[in-house]
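All chains, full assembly: derive it from the sequences and hints.
Residues per chain are reported as follows:
2 protein chains.
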Amino acid sequence: MANNKKMVEDITSMEVDFAKWYTDIVKKAELCDYSSVKGCMIVRPYGYAIWENIQHLLDAEFKRTGHQNVAMPLFIPESLLQKEKDHVEGFAPEVAWVTYGGSEELEERLCVRPTSETLFCDHYKNIIKSYRDLPKLYNQWCSVVRWEKTTRPFLRTREFLWQEGHTMHETAQEAIDETEMILNIYADFCEKQLAMPVVRGKKTDSEKFSGAEATYTIEAMMHDGKSLQAGTSHYFGDHFAKAFEIEFQNRENKPQTPHQTSWGVSTRLIGGIIMTHGDDNGLVLPPAIAPIQVVVIPVAQHKEGVIEKAQEVKERLAKQFRTDIDISDNSPGWKFAQYEMKGVPLRLEIGPKDIEQNQCVLVRRDNREKTFVSLDELETKVTELLQVVHDGMYEKALQNRENRTWSALNLEELIQIANEKSGFIKAMWCGDAECEAKLKEVAGVSSRCMPFAQEHLSDTCVCCGKPAKSMVIWGKAY
Amino acid sequence: MANNKKMVEDITSMEVDFAKWYTDIVKKAELCDYSSVKGCMIVRPYGYAIWENIQHLLDAEFKRTGHQNVAMPLFIPESLLQKEKDHVEGFAPEVAWVTYGGSEELEERLCVRPTSETLFCDHYKNIIKSYRDLPKLYNQWCSVVRWEKTTRPFLRTREFLWQEGHTMHETAQEAIDETEMILNIYADFCEKQLAMPVVRGKKTDSEKFSGAEATYTIEAMMHDGKSLQAGTSHYFGDHFAKAFEIEFQNRENKPQTPHQTSWGVSTRLIGGIIMTHGDDNGLVLPPAIAPIQVVVIPVAQHKEGVIEKAQEVKERLAKQFRTDIDISDNSPGWKFAQYEMKGVPLRLEIGPKDIEQNQCVLVRRDNREKTFVSLDELETKVTELLQVVHDGMYEKALQNRENRTWSALNLEELIQIANEKSGFIKAMWCGDAECEAKLKEVAGVSSRCMPFAQEHLSDTCVCCGKPAKSMVIWGKAY
Chain A
698 MANNKKMVED ITSMEVDFAK WYTDIVKKAE LCDYSSVKGC MIVRPYGYAI
748 WENIQHLLDA EFKRTGHQNV AMPLFIPESL LQKEKDHVEG FAPEVAWVTY
798 GGSEELEERL CVRPTSETLF CDHYKNIIKS YRDLPKLYNQ WCSVVRWEKT
848 TRPFLRTREF LWQEGHTMHE TAQEAIDETE MILNIYADFC EKQLAMPVVR
898 GKKTDSEKFS GAEATYTIEA MMHDGKSLQA GTSHYFGDHF AKAFEIEFQN
948 RENKPQTPHQ TSWGVSTRLI GGIIMTHGDD NGLVLPPAIA PIQVVVIPVA
998 QHKEGVIEKA QEVKERLAKQ FRTDIDISDN SPGWKFAQYE MKGVPLRLEI
1048 GPKDIEQNQC VLVRRDNREK TFVSLDELET KVTELLQVVH DGMYEKALQN
1098 RENRTWSALN LEELIQIANE KSGFIKAMWC GDAECEAKLK EVAGVSSRCM
1148 PFAQEHLSDT CVCCGKPAKS MVIWGKAY
Chain B
698 MANNKKMVED ITSMEVDFAK WYTDIVKKAE LCDYSSVKGC MIVRPYGYAI
748 WENIQHLLDA EFKRTGHQNV AMPLFIPESL LQKEKDHVEG FAPEVAWVTY
798 GGSEELEERL CVRPTSETLF CDHYKNIIKS YRDLPKLYNQ WCSVVRWEKT
848 TRPFLRTREF LWQEGHTMHE TAQEAIDETE MILNIYADFC EKQLAMPVVR
898 GKKTDSEKFS GAEATYTIEA MMHDGKSLQA GTSHYFGDHF AKAFEIEFQN
948 RENKPQTPHQ TSWGVSTRLI GGIIMTHGDD NGLVLPPAIA PIQVVVIPVA
998 QHKEGVIEKA QEVKERLAKQ FRTDIDISDN SPGWKFAQYE MKGVPLRLEI
1048 GPKDIEQNQC VLVRRDNREK TFVSLDELET KVTELLQVVH DGMYEKALQN
1098 RENRTWSALN LEELIQIANE KSGFIKAMWC GDAECEAKLK EVAGVSSRCM
1148 PFAQEHLSDT CVCCGKPAKS MVIWGKAY
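If you're matching them up, the sequences are chains A and B in order.
If you count the first sequence from 1, position 187 lands on 884 in the numbering used here, and the numbers rise without skipping.
If you count the second sequence from 1, position 463 lands on 1160 in the numbering used here, and the numbers rise without skipping.
Just so you know, the hints here were simulated from the structure itself, not pulled from any lab data.
Even for Gly, the Cβ is constructed at its ideal location relative to N, Cα and C.
Any given hint could be a false lead.
Unchecked claim - Examples of chain B residues toward chain A, derived with CB under 10 Å:
{"hint": "1", "residue": "Asp730"}
{"hint": "2", "residue": "Ile739"}
{"hint": "3", "residue": "Val740"}
{"hint": "4", "residue": "Gly744"}
{"hint": "5", "residue": "Val795"}
{"hint": "6", "residue": "Tyr797"}
{"hint": "7", "residue": "Glu801"}
{"hint": "8", "residue": "Arg806"}
{"hint": "9", "residue": "Val809"}
{"hint": "10", "residue": "His820"}
{"hint": "11", "residue": "Ile824"}
{"hint": "12", "residue": "Tyr835"}
{"hint": "13", "residue": "Gln837"}
{"hint": "14", "residue": "Arg855"}
{"hint": "15", "residue": "Glu856"}
As structure tokens, then:
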């Protein structure tokens, strides 16, 4: 397109306006577009390809650990949603209601699923009869709807794509183990595939999922110091199972109620990738999920043999890597900017001189470092450099988090940090929801989580001075 | 489970009650379950695994031919649905309407997408500016909702899973070529992967998609002689594009309206697989999409070394085939029946005598034929036999279709065949919708398609006797 050059130059700098920088990238890297329904987005091919790569990797993990995919209905009858009291209180205010089928008013209105605990329980009631039927380890990939007031692409939309796992177990311990195992799968995925360091922890009662006994979370720090809840895993105990009257014959031939979990990650992860790794030239994509891992750009492509050689190199790489080539008549400079905007981890430049010397140039997206590589060892070097890019991205993100993690020993300190800095604030907490509410009021921070890796900063609550029960990470969140 | 044996024996014979046989299989092979929302089904793990295999194979074909996946919103504002007159007339009576978001009544009601032409057009209007932006070849995998009165699992449900391709092209010819190419992808998929022979043809005007210029279809014959529309591909001309004011600068720098297609297959295909191949012992699954291609059943497994050897064989096969093993303490006979119910294409039996002779027994699901196979050539034989099973299934289905395809030269003949036989009735047609309506009234058959492979049966319409324009296949349909 004639105006592509302009597009590339158009991004707001992240230091000037982080929010605008974010929406610029989302639009200009063609990840998504706005639709005619307020708050609902169109995930465009490049954005969807990222999601497909995420799905592919996570789905393999879920299957490796014994989970099976299913498809539950899109709709939940109002009476079903109401079966678990805490759950309905949490979700009813933000669901979309179907009231008509064709021209007929429905006898009972149906909500579009905001999450599917109630549907899974309704099904589990039919299929769980004996301890031999347990565990049930189900997952589904679908979209859900929550009628949010304020929306932002990928981060908070009225409809979003996600996966939701719902499992049932014989014992509480098995369910707790599942909840933790999944949290670790999420955390490892974020760190090893998305190059996004996360803090693993537990939510406080006021931040946990509606109806859950405990919510575990992974919290990632974005470039601007705000926190992103990147995935959650919930332990339900037998609340829902009791409300839905799910019972099985146990090993002693007695009726018993099973224990339940649910867990999910969503297209929110794409927002997290953007805000963890992106820079003023655009997206920076982790190699594991980049739709294009290497883009081949011929230099002086009008010269004899250049395009042919570039294409030969592209074909070679395409056997092992997601590879693209751009032989359009745009200038190399335009192409460089374009694929930087798209966040392609490695750019391969090849021109007449390189061909003479049987080499090419590989340029890292994350820091623009150039490496001359012999074509004889191309595949090896690309493999290595993709790993190096991943590691570099992870280190940079970790550095950002470490630079922006603070400790506060008293309320005054905490308020000062919250006002003057951005990032995670570690502080001790007595466990009282009132203190949590007060910190939100006076410092504008919420509890992100109680990290599994606890530290003992002091004996007393940062807010009330009473004895502390745990260290909490406080912060502003997306 | 203690009552599994009973389950296996419980199927209604297909000759006694084909409809009941169908629902028995659907339930007992654990493909789906009913949900608390009338007409919406739960696709259970075994059914969903079939769908995943279908997705995997078709998605690769779509990508090979240059298509990209996207995700459009679930909702369509009423005003958007109304933009194309024929389309809204066709779909408005059967959509589900969202009227409330949380506790607030919406200013404009939203329908849950019954199909997404309007959403794609709304998006294409924003992103198609120049001939360089064309073609746009998009697809999405999602669910859609149509508020049907009468529903049957997989065949007609209020919500169903499908893929919908939506493409835009510079010229009418390109769009027509796309429509035909996709129909051929569908047909080849049905025949080569699902072992389901199909007739490729064009729908009559009264049977075409609401808003389409032409609808191409593949029609498969079920075991009972009824027709199943297994996939459709629509050519829209520039109807929608004009209604949505989509315009691009053409190669002569003049404004031009693009030409459009859409096409889809759905979980209906699973219904087709059941009714094409199933028998009184249960499902018979085509090897290409069977979640389990080979099941290993140890015989006399209490004897020393049997389970170990069976497991070794399973591990070997699992490297190349979707393989399962059943070492539960159910009897071999129970297991045989169980995996026949599940439609597993090959059963591998191995007992002490086999082990002594370094062999095993492979039993075909489609005809129960047994082959003794040396363990030295196991992988080769399994590969061969899976192909043989596929071919056998295809031939059997083709034979059924040929046995149930009739020709009628006049109305009396057609009515007699329709009353006495089941299957496809070939007959000439003048092209008049009145004759179509009359045949429905007097013979209870509808036009399935005008096959691409036309035959000249006579010069005159089977109904009115006026000059015939084309041969039509008439029949009863799911």
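Any CB of chain A closer than 10 Å to the CB of Ile739 (chain B)? Cβ of Ile739 (chain B) sits 5 Å from chain A, so the hint holds.
With 10 Å as the cut and Cβ atoms as the points, is Val795 (chain B) at the interface with chain A?
This hint holds: Val795 (chain B) lies near chain A, its Cβ roughly 5 Å from the closest one there, short of 10 Å.
(request) Would you check whether Ile824 (chain B) satisfies its interface hint, that is, whether its CB is within less than 10 Å of any CB in chain A? (result) Given a least distance of 7 Å, the restraint on Ile824 (chain B) holds.
- request: May I ask you to test the interface hint for Tyr797 (chain B) with respect to chain A, counting a Cβ-Cβ separation under 10 Å as satisfied?
  value: holds, 4 Å
Minimum Cβ distance from Glu801 (chain B) to chain A below 10 Å?
At about 8 Å, which falls below the 10 Å cut-off, the nearest Cβ of chain A leaves the hint on Glu801 (chain B) intact, so it holds.
Q.
Next item in the hint list is Gly744 (chain B). Is there a CB on chain A closer than 10 Å to its CB?
A. With a closest approach of 8 Å, the Gly744 (chain B) hint holds.
Minimum Cβ distance from His820 (chain B) to chain A below 10 Å?
Holds: closest Cβ of chain A sits about 5 Å from His820 (chain B), inside 10 Å.
Margin query: Given Val809 (chain B) as an interface hint, is its Cβ closer than 10 Å to any Cβ of chain A?
Written below: holds, 7 Å
(message) Is the interface hint satisfied for Arg855 (chain B)? The criterion is a beta-carbon contact with chain A at less than 10 Å.
(response) holds, 8 Å
- Would you settle whether the hint for Asp730 (chain B) is holds or violated, based on the nearest Cβ-Cβ distance to chain A being less than 10 Å? holds, 6 Å
_A closest beta-carbon separation below 10 Å is what the hint needs, so does Gln837 (chain B) meet it against chain A?_
holds, 8 Å
Does Val740 (chain B) pass the interface hint, meaning its C-beta sits closer than 10 Å to a C-beta of chain A? Val740 (chain B) check passes; min Cβ-Cβ to chain A is 4 Å, inside 10 Å.
In terms of the numbered hints stated before, the structure departs from none.
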